[in-house]
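Given chain X's structure and the hints, the job is docking chain A onto it.
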Amino acid sequence: MAAVEIQNVSKAFGKTEIIRQVSVDVPDGAFVVLVGPSGCGKSTLLRMIAGLEDIDSGVIRIGGRAINDVEPKNRDIAMVFQNYALYPHLSIAENMGFSLRLAGRSKAEIMERVAETARILGLSQYLARYPRQLSGGQRQRVAMGRAIVRNPQVFLFDEPLSNLDAKLRVQMRAELKELHARLKTTTVYVTHDQIEAMTLADRIVVMRDGVVEQVGAPLELYDRPANTFVASFIGSPAMNFLEGSLSRENGAAVFVSAGGTRFPVTAGDAAKAGDVAVTYGIRPEHLVLAPDGEGTEAEIAALEPTGSETHVVARTGGDRLMAVLRERITARAGDTLSLSPSPGAGHLFETASGRRIGA
Amino acid sequence: MSIADARPGEMTAAEIALGRSRRRRRRAADRLIDVLLTVVSCLMLLPLLFLVSNGFKTPQEMLAWPPTIIPNEPTFANFSAVLRDTPLLRWIGNSLVFAVLSSISILATSAIAGYILAKFPFRSLSVLFMVILATAIVPFEVYMIPLYFQAQALGLLNTTWGLLLGYLVMSFGIFLIRQNVIHSIPDELIEAARIDGAGELWIFWRIVLPLLRGALGALGVLAFFQAWTAFAWPLIVASRSEAYTIEVGLALFQTGFTVDLGRVSAASALVLIPSITLFVWLRRNFVQGVASTGLKE
Numbered sequence: 068m069a070a071v072e073i074q075n076v077s078k079a080f081g082k083t084e085i086i087r088q089v090s091v092d093v094p095d096g097a098f099v100v101l102v103g104p105s106g107c108g109k110s111t112l113l114r115m116i117a118g119l120e121d122i123d124s125g126v127i128r129i130g131g132r133a134i135n136d137v138e139p140k141n142r143d144i145a146m147v148f149q150n151y152a153l154y155p156h157l158s159i160a161e162n163m164g165f166s167l168r169l170a171g172r173s174k175a176e177i178m179e180r181v182a183e184t185a186r187i188l189g190l191s192q193y194l195a196r197y198p199r200q201l202s203g204g205q206r207q208r209v210a211m212g213r214a215i216v217r218n219p220q221v222f223l224f225d226e227p228l229s230n231l232d233a234k235l236r237v238q239m240r241a242e243l244k245e246l247h248a249r250l251k252t253t254t255v256y257v258t259h260d261q262i263e264a265m266t267l268a269d270r271i272v273v274m275r276d277g278v279v280e281q282v283g284a285p286l287e288l289y290d291r292p293a294n295t296f297v298a299s300f301i302g303s304p305a306m307n308f309l310e311g312s313l314s315r316e317n318g319a320a321v322f323v324s325a326g327g328t329r330f331p332v333t334a335g336d337a338a339k340a341g342d343v344a345v346t347y348g349i350r351p352e353h354l355v356l357a358p359d360g361e362g363t364e365a366e367i368a369a370l371e372p373t374g375s376e377t378h379v380v381a382r383t384g385g386d387r388l389m390a391v392l393r394e395r396i397t398a399r400a401g402d403t404l405s406l407s408p409s410p411g412a413g414h415l416f417e418t419a420s421g422r423r424i425g426a
Numbered sequence: 006m007s008i009a010d011a012r013p014g015e016m017t018a019a020e021i022a023l024g025r026s027r028r029r030r031r032r033a034a035d036r037l038i039d040v041l042l043t044v045v046s047c048l049m050l051l052p053l054l055f056l057v058s059n060g061f062k063t064p065q066e067m068l069a070w071p072p073t074i075i076p077n078e079p080t081f082a083n084f085s086a087v088l089r090d091t092p093l094l095r096w097i098g099n100s101l102v103f104a105v106l107s108s109i110s111i112l113a114t115s116a117i118a119g120y121i122l123a124k125f126p127f128r129s130l131s132v133l134f135m136v137i138l139a140t141a142i143v144p145f146e147v148y149m150i151p152l153y154f155q156a157q158a159l160g161l162l163n164t165t166w167g168l169l170l171g172y173l174v175m176s177f178g179i180f181l182i183r184q185n186v187i188h189s190i191p192d193e194l195i196e197a198a199r200i201d202g203a204g205e206l207w208i209f210w211r212i213v214l215p216l217l218r219g220a221l222g223a224l225g226v227l228a229f230f231q232a233w234t235a236f237a238w239p240l241i242v243a244s245r246s247e248a249y250t251i252e253v254g255l256a257l258f259q260t261g262f263t264v265d266l267g268r269v270s271a272a273s274a275l276v277l278i279p280s281i282t283l284f285v286w287l288r289r290n291f292v293q294g295v296a297s298t299g300l301k302e
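Chains X and A supply the protein sequences, listed in that same order. Each residue of the first sequence is one higher than the last, beginning at 68 in the numbering used here. Each residue of the second sequence is one higher than the last, beginning at 6 in the numbering used here.
No lab work stands behind these hints, which were simulated from the structure alone. Among the clues, some could well be false.
As the list claims (entries may be wrong) - A short, non-exhaustive set of chain A residues, derived as facing chain X with CB atoms under 10 Å: (1) I195; (2) D201; (3) R211.
What the hints assert, rightly or not - Which bits of chain A does chain X cover? Going by a derived footprint, with three or more residues having C-beta under 8 Å, they are: (4) 185 to 194; (5) 212 to 223.
For every residue, glycine included, the Cβ atom is placed at its ideal position computed from N, Cα and C.
Chain X on its own, in the form it takes in the complex:
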């Protein structure tokens, strides 16, 4: 096991800059998830760690050793690909023992380690089969087995669950987490799915356009997003944003949106904001039903009951708000209801830069 340090790394394909001066620390034994929309450079960064892409500038170290010019096979890493990349003409056992065979290990040792890994992953009865004879989830497990069997210093996962159906994805997510808890191998995991990132990671790196937007623990990103991009990317359904300005009413700081919606703001945030144009962010799950006359009156545009909760799309003034309510709603589209933010749940951002204001 080893830590991975990425320092000021850049990469361009032709004139297009894919990665710009990215620095990320992956502590020994940590599970770090690189997340971002497609084209943000997360996969390229992972491939640079693996040695499948050259590093234009900057340094990547694994276990303190700079690996810029080290061949992939000598980096002591294992990678799991989105399409599994199993060798179709080799049996499951041969697929899993491939790297050991190349490393010149004895047949007995290979068999023993493959059998042990297969046992951990519940693949023992499939060892003689071929990849085409397995289901998607089983193939995914074989791909993980191929990585585990080498006992590498670092695991690299490139969207490993994207090809699975929703139910299997949830199951494999739990298995991955369990596996990491057991092996404690340093892991770098790439995904575009923020739920995967939130549930798996010790630490999330949010990327956009080749730049790291924010690094932090999952709940830290959820509670204190550094900018509107991270705020909108983390959490589902996405955060509501209202543009407007701050003012004082009856001695208290209030946010007033361009559409006329008013939400209370803490005095500290208001003081830090000064009088710049601000964007107020509130997560749908932080909007609650208020007693009549106390919250913001909103007209229901659409209701989406999911069983455990109700998603409400509401219009207030010129603004659109999405609220996730735990209560069962008897109202219908066209009715009005009263919404108010949970105390202290609002986020303030500078409209021009998108940066977070205040603590």
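Frame of chain X; chain A shown alone:
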């Protein structure tokens, strides 16, 4: 209308009748296609059948009318005459050596070049690929004579090496393998092998080649028959009877021995044996390799 017909959601008698007549029409069309295909395949098989049966006929029966498919008095005289009077086996041997060596060379060059052109994206390589494709446009007859002088200068006339000169590389083969690699071998497979510690040669031998089996089989059949049926080049390279390939030998048969239909048929029938054997043996590969370029897992 009966009660059953009137139920909502069920088909009326008229609809059922319409469906039945449509089905009947479709079945009739299918049958017509079957008949047509049978007739066409019989027409295509007939010359071949006559060729083989003529080989077993006496000269009298050959000219008899109506012609017989199964000879009344089958005879091996034509075969034994052909084998006695001409070096037929030698020609078949020449052709076999030529076709096998040519196939091996084409398979090797196509596999290596096709893989490299598909998986190593350098600009210079794509230019090279264009050049390779462009060579397919130039007919062999254009450079046949210059190539002949080269063979002569190298002292390769009347040798297998001389025959092989124009048959070592096949631009279509390179193209076929390149397309197959692009469609059926994802980059990740090669990258996974690199991370696993495999060298480039190892990847080529143990990963790429096994996955190209179908395409290489198809190309092998193509290359074999290209050499087996080659005529113009062997005709000018081989000037001595013992250096002939079977194609050249058969052609000279007709002039050299007048037109003895019985013997020509017998010789041709003998020549068919290796081709048919090979095709039957590799048929599955051939169809697969040509029909499906994308073998998605």
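Could you check the structure against the hints above and give me the numbers of any it violates, in ascending order? none
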